[in-house]
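Student: As given, the protein sequences belong to chains A and L, one line each in that order. Sequential numbering of the first sequence, starting at 48, is according to the numbering used here. Sequential numbering of the second sequence, starting at 1088, is according to the numbering used here.
No wet-lab data here; the hints were simulated from the structure. Glycine included, every Cβ here is placed at the ideal spot set by N, Cα and C. Check each hint, because a few of them may be wrong.
[What the hints assert, rightly or not] Computed, partial: chain L to chain A, Cβ under 8 angstroms: (1) 1093; (2) 1103; (3) 1105; (4) 1106.
[What the hints assert, rightly or not] Take a look, some chain A residues computed to stay more than 10 angstroms from chain L by CB distance: (5) 108; (6) 113; (7) 147; (8) 150; (9) 244; (10) 303; (11) 311; (12) 325; (13) 407; (14) 462; (15) 499; (16) 548.
[Stated by the list, open to error] Label pairs and their in silico Cβ distance ranges: (17) A:328 to L:1170: 52 to 58 angstroms; (18) L:1172 to A:116: 44 to 50 angstroms; (19) A:566 to L:1141: 36 to 42 angstroms; (20) A:368 to L:1141: 42 to 48 angstroms; (21) L:1148 to A:520: 20 to 26 angstroms.
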Amino acid sequence: MMTASMLLVDPLAAFFRTELAGCRPLTLDSTHVDITLLPPLAQVVVVRQFTNTSDQRIEAVLTLPPLAPEEVVFRLIVSIGGTQYDATPRGARRARRDHDAAIAEGHRAILFELLKHDIPIISVAGIEPGYEVEIQIWSVKPLERNTDDLALLFVPLSARHDFVVSGLLDADAPVTTSERHTATLAVHAPDLQVTLCGQGNPYPITSRDPISIDCAAPVQLEIVPELGGSIDHCAWQVDQIGGWEVTSARGTETFRHPMNPEGILSSDRSDWIFGVMATRHGEIRVTAPLPTEGIAPNARAMRAFAAAGFRESATTQDPEAVRRTANILSRKTSLAFIGPEGELSHDIPVMRKLALSEMLAIGEMGVPPEPVGLEPFDYETPAAPPEPSLPRKLDDPIAPGARITPNAQVPRYRLLPWLVAAVAMLILSGIFQLLGNALPPRLLGLLVLITLAALAALPHDRLPIRRRLPMLILLVTPWIAALIAGPLLDDRTYGGAPPPGWMIPTQLGLLAVSAVLPLAMMPFMRGARHFTLALGIFNFALTAFVTIGGILLLTPD
Amino acid sequence: MTGLKFDDLVRITGITPRQIRYLIAEGFVPSATGGRTYATYSDVHVTAIRRYDRLRSLGFPPAAIRLLLEAREGIPVPIADGLTLVIAPDLIGRGGDVAGMAAKAAAKVEELLSEGLDDDRKHATR
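Pulled out of the complex, with its shape left as it was, chain A reads as follows (with noise of 0.2 angstroms):
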């Protein structure tokens, strides 16, 4: 019989062949750059869409160019068929475990996290077939400084296609492909003449209206300042509560504080934190506030930046918790949302790799589009940021990892727990029975009381832990034992005759077992784990309360 060890032909024919094509990429649907000139720094806002065209639940990862030198990202929202989330600061080991846990148990998880070279990698997970998806990335960044009047400003869009970055695996790698999407681009830049380069002939922006771009080149700004603009400084209402200032010459600086004694502006604000950042081109200094709340436009970007370079701050603050407040992405800290446990797809998803556009080469761009002003359209700029907020949902049309399929399965044996109750209602009293005593009205009622209460702290119906209740129900057999099994119930304590020879011994393996029983159990209650400890603990402690007042009667002396 042939092997595959036999055929073995001519070991360069798979290299001729052509039709062995891989995976193919996710390819974007629109991207919009927004960018606020607030010299010398720029806050960029990247609004990237595209949508799971597969029939599968996935996982989208999207590799970006490698962060400019100072640049600093403080912000991630993700939309999924809708659904919007904010993610938030974590550990970078334990927001990748967690990730990967939330990914193998199939929860919605999204990570957005720094690899070497400060290249940025994206992963969204738990994305249904059909769905369209956006992700926005805030981040702020210095600008070029050449000359004295003059401020340039470079943000990429596209990779090279033979962009390769060592030691890199090949999920992580940016994927490339020559498929163009649409792209738009607005600049609020009050006080600046804003020219846009590199997409053809050199534009000047006069608007904050959108204009098509070319999604294959880098948008490249080359900022002059008008009569009574700077590029040194920007400052809004520093004075006051919530207000900030940045500045890239020493002098123009006017909030008092410590570190720049010479401000002329005094006030009895509390909230601010300053910070400076060594640039190629010079210091940049920055005042923002820390509180998220009541704080002026574009402060967000700011206190990332005052945040990643923190020097005082008004009360005594931990920089490491500065940082974490101004929600900073870096290589010890990445931004995730892990969607909560819930009703599961049955299958883990697939990961998509998502292409940026092929970067053009230098002798491609003779001639580019022309950038054309378009029509206002209904598209929502991100300019106005929401409250800031842990993570949360602003809409929730399907609870994240959610089924969604036609057949969602629906919880079954609704009367279970009331028919257990019952049973076990009736067990006990015919026990009481067999011992020859009647069940006691008061305890029946105490019971009864217990039952109900319990029942009506039952979880959700789709919650995992009710699934497992059956299951659960077991925890609550070895103090149940050790009861009926004791002598807390019996009033005759013996008459002073020596108890059972059984007794106590089995109220000790009683007690043995509810250790070990919520532990055994733990293979077995994916989705309710936590549940099962608490409840577990919560037993093995009525069942010891149970055993130590057991042996305490059974021996006096």
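Place chain L on chain A using the hints.
Tutor: Showing chain L alone in chain A's frame:
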């Protein structure tokens, strides 16, 4: 090895979970058996991951690895000037009697490349 969980696969191979998900999605490694709830892996998955890892470390790009594995003509591995070893894809990363096969390969190379025939073969030739 059978009945491995995903975490076991990560620990045994030393590859990141994302890279394993990528290899499964790209077809370099077969999917788990048993769906999400009871997803299990085995020797087959471990071998497939190791095979991909070895071939990458030899410098083959993913597209070339795909071609080689699907075409099954064998993986050419340069040994020395004018000498290329061709290995069946199934053997890479599988383990087994590696030392025995290496000895046979070495003997064959020596037989083919040495200057003269050895005594036994000389006798046989006569």
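Student: Next, verify each hint and record whether it holds.
Tutor: Checked hints:
The beta carbon of residue 1093 (chain L) is positioned within 8 angstroms of a beta carbon in chain A (closest approach about 5 angstroms), and the interface hint is therefore held. At its closest, the beta carbon of residue 1103 (chain L) sits 6 angstroms from a beta carbon of chain A; the interface hint therefore holds under the 8 angstroms criterion. A cut of 8 angstroms between beta carbons decides the hint on residue 1105 (chain L): the least distance to chain A is about 5 angstroms, and the hint holds. Because the closest C-beta pair between residue 1106 (chain L) and chain A is about 4 angstroms apart, less than 8 angstroms, the hint holds.
Listed as outside the interface, residue 108 (chain A) is inconsistent with that label: its C-beta sits roughly 7 angstroms from the nearest C-beta of chain L, within the 10 angstroms cut-off. Distance check for residue 113 (chain A) against chain L: the nearest CB is about 19 angstroms away, which clears 10 angstroms, and the non-interface claim stands. Interface exclusion of residue 147 (chain A) from chain L breaks down, the closest Cβ pair being 4 angstroms apart, not more than 10 angstroms. Listed as outside the interface, residue 150 (chain A) is inconsistent with that label: its C-beta sits roughly 7 angstroms from the nearest C-beta of chain L, within the 10 angstroms cut-off.
Non-interface call for residue 244 (chain A) relative to chain L: holds, since the shortest CB-CB distance, roughly 35 angstroms, exceeds 10 angstroms. With a minimum CB-CB distance of about 49 angstroms to chain L, residue 303 (chain A) clears the 10 angstroms threshold, and the non-interface call stands. For residue 311 (chain A), the condition that its CB be more than 10 angstroms from all CB atoms of chain L holds, with the nearest at approximately 53 angstroms. With a closest Cβ-Cβ approach of about 34 angstroms to chain L, residue 325 (chain A) is found to remain outside the 10 angstroms limit, as its non-interface label requires.
With a least beta-carbon separation of about 23 angstroms from chain L, residue 407 (chain A) lies farther than 10 angstroms from that chain, consistent with its non-interface assignment. Every Cβ of chain L is farther than 10 angstroms from the Cβ of residue 462 (chain A); the closest lies at roughly 25 angstroms, confirming the non-interface assignment. Even its closest Cβ contact with chain L, about 33 angstroms, leaves residue 499 (chain A) beyond 10 angstroms, as expected for a residue assigned away from the interface. Residue-level check passed: residue 548 (chain A) sits 44 angstroms from the nearest beta carbon of chain L, beyond 10 angstroms.
Distance hint check: the CB atoms of residue 328 (chain A) and residue 1170 (chain L) are about 56 angstroms apart, consistent with the given range 52 to 58 angstroms. A beta carbon spacing of about 46 angstroms between residue 1172 (chain L) and residue 116 (chain A) agrees with the range 44 to 50 angstroms that was offered as a hint. Remark: the range hint 36 to 42 angstroms for residue 566 (chain A) to residue 1141 (chain L) is upheld by a beta-carbon distance near 40 angstroms. Between residue 368 (chain A) and residue 1141 (chain L) the Cβ separation comes to about 45 angstroms, which falls inside the hinted range of 42 to 48 angstroms.
Residue 1148 (chain L) and residue 520 (chain A) have their C-beta atoms about 56 angstroms apart, which leaves the hinted 20 to 26 angstroms range violated.
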